[in-house]
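K.L.:
Produce the complete structure using the sequences and hints provided.
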Amino acid sequence: MPAELTPAELYRQMLRIRRFEETVLEAFPRGWFYGTTHTGIGQEANAVGVLGLRKPGEVVVSNHRCHGHFLAYGGSMTALAAELMGRATGVCGGRGGSQHLIDKDFYASGVLGGTLPLAVGMALAERRRQHLVIAFLGDGTLGEGAVYESLNLAALWRLPVYFIVENNRYAQTTPIHLHLAGEIPARFEAFGIPVEERDTTDVLEIRDLAESGLDRLRRGSGPQALVLHTYRFSPHSRGDDLRDPREIERFRQRDPLRTHGARLRPEDRRPIEAEVEQEVHQAFEAARAAPVADAASITPALGQGT
Amino acid sequence: MTTVLASLNQALRRSLTASLDVMVLGEDVLDPYGGAFKVTQGLSSTYPERVLATPVSEAGIVGLGVGMALRGLRPVVEIMFGDFLMLAGDALVNHAAKFRWVSNDRVRVPLVVRTPMGGRRGYGPTHSQSLEKHLMGAAGLRTVAASALLDPGPMLEAAILSDDDPTLFVEHKLLYAQQIGAGLDGGEYQVQSAGERYPSLTVRLAGAPAPRLTFASYGYMAGLALEAIHRLAYEYELFAEMVAFTQLVPLCLEPLAQSVRQTRALLTLEEGSGVLGWGSEAISALVEELGPVFDARRVSARPVPIPASLPLEQAVLPQVEDLVRAALAMSNSDRSGSMRRSNG
Chain A
29 MPAELTPAEL
39 YRQMLRIRRF
49 EETVLEAFPR
59 GWFYGTTHTG
69 IGQEANAVGV
79 LGLRKPGEVV
89 VSNHRCHGHF
99 LAYGGSMTAL
109 AAELMGRATG
119 VCGGRGGSQH
129 LIDKDFYASG
139 VLGGTLPLAV
149 GMALAERRRQ
159 HLVIAFLGDG
169 TLGEGAVYES
179 LNLAALWRLP
189 VYFIVENNRY
199 AQTTPIHLHL
209 AGEIPARFEA
219 FGIPVEERDT
229 TDVLEIRDLA
239 ESGLDRLRRG
249 SGPQALVLHT
259 YRFSPHSRGD
269 DLRDPREIER
279 FRQRDPLRTH
289 GARLRPEDRR
299 PIEAEVEQEV
309 HQAFEAARAA
319 PVADAASITP
329 ALGQGT
Chain B
6 MTTVLASLNQ
16 ALRRSLTASL
26 DVMVLGEDVL
36 DPYGGAFKVT
46 QGLSSTYPER
56 VLATPVSEAG
66 IVGLGVGMAL
76 RGLRPVVEIM
86 FGDFLMLAGD
96 ALVNHAAKFR
106 WVSNDRVRVP
116 LVVRTPMGGR
126 RGYGPTHSQS
136 LEKHLMGAAG
146 LRTVAASALL
156 DPGPMLEAAI
166 LSDDDPTLFV
176 EHKLLYAQQI
186 GAGLDGGEYQ
196 VQSAGERYPS
206 LTVRLAGAPA
216 PRLTFASYGY
226 MAGLALEAIH
236 RLAYEYELFA
246 EMVAFTQLVP
256 LCLEPLAQSV
266 RQTRALLTLE
276 EGSGVLGWGS
286 EAISALVEEL
296 GPVFDARRVS
306 ARPVPIPASL
316 PLEQAVLPQV
326 EDLVRAALAM
336 SNSDRSGSMR
346 RSNG
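From first to last, the protein sequence lines stand for chains A and B. Note that our numbering has the first sequence beginning at 29, numbered continuously upward. Note that our numbering has the second sequence beginning at 6, numbered continuously upward.
Please note that a few of the clues may not be correct.
Computed beta-carbon distance windows for the label pairs [as the list claims (entries may be wrong)]:
#, chain 1, residue 1, chain 2, residue 2, range
1, B, A313, A, S240, 54 to 60 Å
2, B, S198, A, R244, 52 to 58 Å
3, B, S198, A, A218, 52 to 58 Å
4, B, P53, A, A36, 49 to 55 Å
Keep in mind the hints are simulated off the structure, nothing from the lab. As the structure is a prediction and not an experimental result, all values here were calculated from the model. Virtual Cβ for every residue (Gly too), placed ideally from N, Cα, C.
P.N.:
Now the structure itself:
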């Protein structure tokens, strides 16, 4: 809620995501998890800056890199940890795993591009309730044709979708200069979708941009887009990082937690850090103690009907 | 008498009337055109807010339908030619079919994707195919095929208004002009129905000797099978019965098992190509159910693209003559029980 988005609260929300994902990467070699995961360490300001302004009932569509979006949306950290661990108490009872999180108003799926037509369809449904849809996509997804079909439909029917592009400059391991032609904002402009672009990891700046974008959407503007040039410090998934460490170090100079944390007094920051540490610890402990998903819980993929 | 086209059109109209959540979307669906095959004729004039013409954008509009369904609407998306479904494969296989189950049954996807399939119109290799088999393996997606033997209107209506799972609703192009139940209403056939929402029919000549062969089919081929049954009986004294399916996936085997237990011979008929097709699946499933105690063959399209020229198209797609020939060959070779023998 906007009223609660104090600088301290923004710091807390970003730190929750950071510590959750750091714990995931640390604990993977210990065998806590099965499968894979995609973290967005370094991109926390996008999720928190935008989704901190979400009103109840407004829908979030996310992608494979969804932990931060899910936590900023208000999803349960314990249920998220449990989902990553394949527990019965996970967000989807262990059926979805790291990149398929489905909650009340939250939908993440792991096929890039395919989620965007869904977001536009959701906006068509939500328009009746005066709600909107916030859809996240990355630079890598801009290679998918379904993206442009979605932009066309959203603009054609003036549907309430907020497209948030998180350009972390890599599609998995391929740098943007090897996978993308042209400019990102031009893609939206071609469809007449108003777009703002900023190279920033400052959560306050992102929040201000999102506040005006969401305000326009809520007043019936039709689709809007926000392009955020960002960076992830973590690998695409777990061990697949071939980037120059000096490049990563350069971007760490604008770590969103460092940038925003510097605004808080150390004595205000420390209790938040301690509380978040405790919350993350408890979430993973609760998840580890939860029962693993039981094969007996497998139901048919379709309801009955012959 | 009503045509399949009129019945489907009226089912869409009834659905739009019954619920404000129903929306119909597709390319060129608006009046006065009313869709490439006229199934949506008249709907946009009555419900302009809920019948939407879309861009040429199959991946977009099927995905759109998934999103609409996830948020409480009951969308019906028309794909102008079934061949174009391949463009929407991601939306169907990775999204529509997944959300309910992956969410641990917390969400539903009440989406209907309707599309004409099939050839025999000279439209050539990319507008004539029967591609439903490529989607039948996607767990979480129901596949239903209209036929003219049984009114498809109420089935479409049920799929739209009552079925909370995504449904691929296949309509063979040549069915649209056919009269519903035309071959079955003269008392010549004995008909038994099984299942409720998407029933299957078991059809045999009334008063004929016990059938020695079972046809399994769906869609337009079911009508051809009826002709073949007639010819086999009157010209060759070979008596066959047919189980015509409406729901192709999940396949409810019981009516087929019942028939094949008696005949011990099964001929599956489909207009699509045979490799990994519906017939293969039906035979496999039935062997698992009954054991290798029956003879089985498949009739399907030849495994080449469907040509545009009339004589070439006729040679590639299965005709009544092919059904008759296959039935006779099967009867003459008397291989019944061959699987059992080879197994023992």
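K.L.:
State the violated hints by number, sorted upward, taking the hints as numbered earlier in the document.
P.N.:
The structure conflicts with no hint, since it agrees with every one listed earlier.
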